[in-house]
Amino acid sequence: MSEEIATPGAGGAPAGAAASTAPVAPPSSALDDSLLDAPLFGLAQPEKERRLAAALVALTAHHRAACPEYRRLTDVLYAPRAWDPAAALTELPYLPVGLFKSHRLASVPASEISTTLTSSGTTGQVPSQIFLDKVTSHRQSRALAAIMGHILGPRRLPMLIIDTSDLLKNRTAFSARGAGVLGMMTFGAQARFALDPAMALDVAAVGEFLAKHGRQPFLIFGFTFMVWTAFLEQARGLGLDLSQGILVHSGGWKKLADRAVDNPTFKAELRRATGLRRVYNFYGMVEQVGSVFLEGEDGLLYPPAFADVIVRDPDTMLEAAPGQVGILQTVSVLPTSYPGHSLLTEDLGVVERVGQAGLPGCGRLGKAFRVVGRVPRAELRGCSDTHAAQREHAR
Amino acid sequence: MSTSAPDQATTTADAAASASAPPPGSSEAAPMVSLWVPERAEVPLASVLASLSAAPPSHPFADDALELLDRFSRRLLADPISRAHPELMTLGFFTRKAEVQRAKAERLAAARPELVEVPLGLVFHVPPANVDTIFMYSWVQSLLAGNANLVRLSARRSPVVDHLCELLCELLAAPELAALRARVAMLHYGHDDAITAAISARCALRVIWGGDAAVSAIRRAPLPPGARDLPFADRYSLLALGAAAVAEASAAELATLVERLFNDLYWFDQAGCSSPRLCLWVGPRVAAEAARARLWPALAAFAEQRGYHPDVAMRLAKDVFCYRAVLDGTVVARAVYGPALTVLEVASLDGLGREHPGAGLLFEAVVDGLGALATWVTRKDQTLTHFGLPRDQLVALVQRLAGRGLDRVVPVGQALQMSRWWDGYDLASEMIRRVHVPA
Chain A
6 MSEEIATPGA
16 GGAPAGAAAS
26 TAPVAPPSSA
36 LDDSLLDAPL
46 FGLAQPEKER
56 RLAAALVALT
66 AHHRAACPEY
76 RRLTDVLYAP
86 RAWDPAAALT
96 ELPYLPVGLF
106 KSHRLASVPA
116 SEISTTLTSS
126 GTTGQVPSQI
136 FLDKVTSHRQ
146 SRALAAIMGH
156 ILGPRRLPML
166 IIDTSDLLKN
176 RTAFSARGAG
186 VLGMMTFGAQ
196 ARFALDPAMA
206 LDVAAVGEFL
216 AKHGRQPFLI
226 FGFTFMVWTA
236 FLEQARGLGL
246 DLSQGILVHS
256 GGWKKLADRA
266 VDNPTFKAEL
276 RRATGLRRVY
286 NFYGMVEQVG
296 SVFLEGEDGL
306 LYPPAFADVI
316 VRDPDTMLEA
326 APGQVGILQT
336 VSVLPTSYPG
346 HSLLTEDLGV
356 VERVGQAGLP
366 GCGRLGKAFR
376 VVGRVPRAEL
386 RGCSDTHAAQ
396 REHAR
Chain B
329 MSTSAPDQAT
339 TTADAAASAS
349 APPPGSSEAA
359 PMVSLWVPER
369 AEVPLASVLA
379 SLSAAPPSHP
389 FADDALELLD
399 RFSRRLLADP
409 ISRAHPELMT
419 LGFFTRKAEV
429 QRAKAERLAA
439 ARPELVEVPL
449 GLVFHVPPAN
459 VDTIFMYSWV
469 QSLLAGNANL
479 VRLSARRSPV
489 VDHLCELLCE
499 LLAAPELAAL
509 RARVAMLHYG
519 HDDAITAAIS
529 ARCALRVIWG
539 GDAAVSAIRR
549 APLPPGARDL
559 PFADRYSLLA
569 LGAAAVAEAS
579 AAELATLVER
589 LFNDLYWFDQ
599 AGCSSPRLCL
609 WVGPRVAAEA
619 ARARLWPALA
629 AFAEQRGYHP
639 DVAMRLAKDV
649 FCYRAVLDGT
659 VVARAVYGPA
669 LTVLEVASLD
679 GLGREHPGAG
689 LLFEAVVDGL
699 GALATWVTRK
709 DQTLTHFGLP
719 RDQLVALVQR
729 LAGRGLDRVV
739 PVGQALQMSR
749 WWDGYDLASE
759 MIRRVHVPA
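These protein sequence lines map, in sequence, to chains A and B.
Quick note: the first sequence, position 185, residue 190 per my numbering, numbers continuous.
Quick note: the second sequence, position 224, residue 552 per my numbering, numbers continuous.
Pulled out of the complex, with its shape left as it was, chain B reads as follows (with noise of 0.2 Å):
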């Protein structure tokens, strides 16, 4: 096993590509790895790999997976660490037994009966290095699917991830959950990819987030013929805000709003895919005066509030970025509204690129309608965040886009909200194998 591995990715490397030599070094010793769940360790890649297909086989939502969820989501939702790191109490909502239940009578009820569910075998997690719980997200997919988990964590440590790997080797201790301890490895190697390249020969599915450039580069390791690839591009999104609601909205109603749209610019300094990064005012002019009137402000106040302050780096980074938005598009105003946000109005969404630096950066532009957006949106846009839009509108736009564009239409706060449907994909449904038995 531990031969057969490098060999094959070897032999299928250089059928699909030369160019690529092999690292040296990395393939003739075996390569160790740094294991982290279910317990810190130096390790060969070989021997994890070995466990991992020798664990013993589970089905989806298997007892001892609801078991661990509900124990693990109970601890986090009890940490007072959880309280200074909102994206953990968000993972323990997502993870606590009423919720894993629900996802579990959904499947029920959608159940057919010639098809009988099983696990896909082993699941190979490439999550990004900067946004800490998606490892979680994705790794719980899979669990609940009854699959073998292999996930690459990145060197780049973080408290929050730290903390997130303790947790879950305590728990996974327990004598009890002794079989499905043997299906997780979650470790770290350096960019290795004779390593990357063993673990992809092995694995029935490759999740990979990270954008198009981790995308392409993990691609390159051959996996399977009958293997799949989920991966998670590039993406961009944008805000839709009723003026006229926005406008007339009570005070609590307002405060509410900001402190949505706060969660979602705001937690990964507006870096993350589906962080909106323009906003579409969708009314009559003097409805969307009156409406920016009283939400920017109101959001910059907000935020300073909460502490969100981006360095000076970020901060000049977004200037220069203003001044060449200047001469490349339409901005037509800016406005600054303190170190936190800055509005850029635009004419129109003809020309408007989608070029962004983060931190707290917001295109707008004034519509009479959301079909303003058909001949904009491209594949590339991924989450609409709306407010006080009817939802009648949101299906319109979508049956209109035919495709195009456009994964997620979610209501304002819920936009870094990682849910079973992501990118178009039900990550559920991807992590398991459906087998035909007619009655």
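The shape of chain A in the complex, shown without the other chains (with noise of 0.2 Å):
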């Protein structure tokens, strides 16, 4: 399931050690690298898809020829021409993320897999197990390194996080918000944590940071839930500058939503009360690490070349009309070690419209979409009265 749990760089730790090593051998499969080297949003929707679908189907093979598991699903559940070299993006099989939940899916043997991410969005849920190798693992890092060049520019830029430092005292199993934080912390210098261990905000360390680095540009991190509920509501009325700042957030909307907080109240409320105007929300999941989604100075999110979204009517299952929410599938060619090059999400989406040089929308090309939220949870029917009997059970 797509948690919209921000692990940019997940697992921090290979990230940031495959950034510092030298690149690994790809593996045999033919690897087309030239989408990572593209311009981040510069391909027109045409040439991006004709290029990503002969990644993807090359990635396909390699996973069915690595996976018994893709194979089989890929071998019944879709015909052949699902991974023919002629095949479009939009017919490319898909796996529901769900399906790392239950099952071990990966395309390297045991012994090569360095790290395995594991997520588990709500409470008491299974969590999510993605298998990465060193491979997967550097290419991940790669696309995230660009892609946050891209606002940061190409120096490391001095780091508030918006976080408790608590979040990674053990440093062996961390959660997936604190892999988050690693990962992004390969992107910052002389981090500072915001908050303490209680969660309340640490006025001196706050104080400390923004008068040794508030005057010239610097990140701030963190999940999108925190900054409202841990940062700004506590933040209000302390005249913290951060007019200099640039804010980077995920995680998803949910909770804000239970609050009647959007995006442009997020982003209004931030700027009036601490002068913070360079806010990017992305969108991204633990099932496919590094592919961002990077919000634009429009609000909308923009895919990177390597990556993309693919709206489905859920009646049809067939690509929605741009204007039309539907169910969002995300592709990207960073996934060799695991077969989640196509997965369909649990989120709806909408494709706002389809980026075309000389028109409108950030000077960006290709498709800026917006997450609407989850599916809505199906209410349940039938004789069997689980509900009640948990209810039962739980006094």
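Where hints are given, some of them may not hold.
[Claimed, not checked] Pair ranges (Cβ atoms, derived): (1) SER107/A with ARG634/B: 30 to 36 Å; (2) ARG484/B with GLY378/A: 21 to 27 Å; (3) PRO114/A with ARG682/B: 33 to 39 Å; (4) PRO114/A with GLY679/B: 23 to 29 Å.
By construction, these hints were calculated from the structure, which means they are not laboratory data.
Note that beta-carbon positions come from the ideal geometry of N, C-alpha and C, so glycine has one too.
Using the hints, build the complex out of the two chains.
Now the structure itself:
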């Protein structure tokens, strides 16, 4: 499931490690890395789709050869034309993200797995398990560096983290939140944590940070919900000056939607209370780390050159027209160690427009989309009254 | 009375298991319940139990019960609301005068002179939250037996349940039904173990619907030593179609089959225990191929036309289920006939589990004969619906299973039709006491 968990550099340790190690040879299959070098938001959609489709067909062949479960799934559920070299992007097989919760799917031998990412969105749910080798980790951090570089510039900026350092205390078992913070720390310098272990604003730490770095650009990173509840709501009235800050945040809007806070409100309030103007939300998931869909100045999300979204009509599962809400499928050329290059999420989204040269929209080409929310939970029917029974048990 | 019931429950609970402490607060103050039938009121549980036990005794097929059901049925069948809710129409037919008289005649015919049938006393019904009309079937059987009845309704109200309760309140207000009125209490209370225990301690029979988990949860409340549970556990159901019969059916026959299948599958999002989840094509593969090429598209089109449209979450769950089924089982092909119907073909029944997402998914297998079921069926399997298969084959299967599974073998279209015969019980018979008075 698309946890919308911010794990930009996932398992920060491997991401960081891979970045500083010599690149590892890619798997034998023909990997087209040219999309990793292409201008991030500069490919026109038809060209992008053609190149993505070719790269993903090759990846599909790779995973079919390397992952017996993936081969069985594609053999039974898809016709061979889905991985024909001439296949269109929308014809490629996809796996529901929920499958990574129930099954171990890897395209490399166990001995080559360097990191296992786990995530569980809601309490009590089974976590996804994502198996990374050095090649995939390296590709992920390379991709992420390109995307973050786009907004942060080439230099590592001083970094304020809207979280507590306690998050990183247990270095062997990171939560998805910890992994996200650690991954992001590779793009900042002299990091300070803005919250104390009780999630209260550490006014002294923030004050010191701003006194030292507040007059040049600096990076702020945090989870959307934490930024609002733990930071903004406590920082109001303190007169903090974050006008030089660049906030990167993720984690989903569900909890804030419950408080009737949407993206425009979020940004307006931050600006009013702290002078913060540069705010970038991103959409990503632990099942496709590195494939980050970053917010543009217009508030819409933009897929990078090496990834894309396809909105599918829930009735027909065919691609929905721009403007029509449907289920989000995300594709990415990054995953080689597990068959996660084409995933059907449990999120609803809408493509607002397809950017073309000369048209408005941040000067970015390709799809511009919004995440509308989670697919609403189904109401259970039937004579097995598990809901009532669970409540009975709970007493 | 208001104190003796909780006391008894506490004592027996202590003796049985000390792990479940009584919930704080609920047993000290007099617990309140929301009465819905025979009138809407917030009342102390103690007064409900007191008036039920003070009600004048009755006997099986008493005139006032027959009169109430007759009025109820006529109102329901004439009501425009019923047209929008097929389950209300079915309930209306089940309670109509001719049907009740037929049931009575059947019982009289089977009566033995040395046995006098009398009511059990108080029957406690715990129906499921999600199937709106089961509480009525459970209650009607017990009403006809002459029992006093306490029905616990779920907090999850629905227009159907509200409508039925209002109708019953109105009909029970008739002065000539006052005695009967005293024997009915349909009520709601929160998940309060103390209340469940207090009622359980007073009843002669406890009817628990809602599957394994609900049965286990309710069963933690002890019954009086001489009382019984009538538990309805989680069940699985399947469908057997004669391949040749479907392949060769006329257009009209096929249309009838499709409509009946639709009712069996989709009334409760295929989540009812009796809705089929596996389809066996009995006959040669060639015939089965021809038959399914006719049947599935027609069924999907009919479902679409009837407006059956599982929501996005259900369909995603169905989709993930297919992927898991491929990895975990022997699925050899998937056919998607739009949002309402997905069919997963399995090479054989070996290794086929009973997990199911509901919302219009069938496993299918082609078999030479019903004998293929002999080793697969377990106690969990409840209903086999059938079409185009001779009765002697069905009887032979049941005999061969020898009680290892299957409690109902009914024609297509009757999967969800509640009857006196359910889960291997004769409900009518379970709800009476037979006193032996030899000549």
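Practice task
Output the numbers, in ascending order, of every earlier hint that fails for this structure.
Solution key: Result: no hint breaks.
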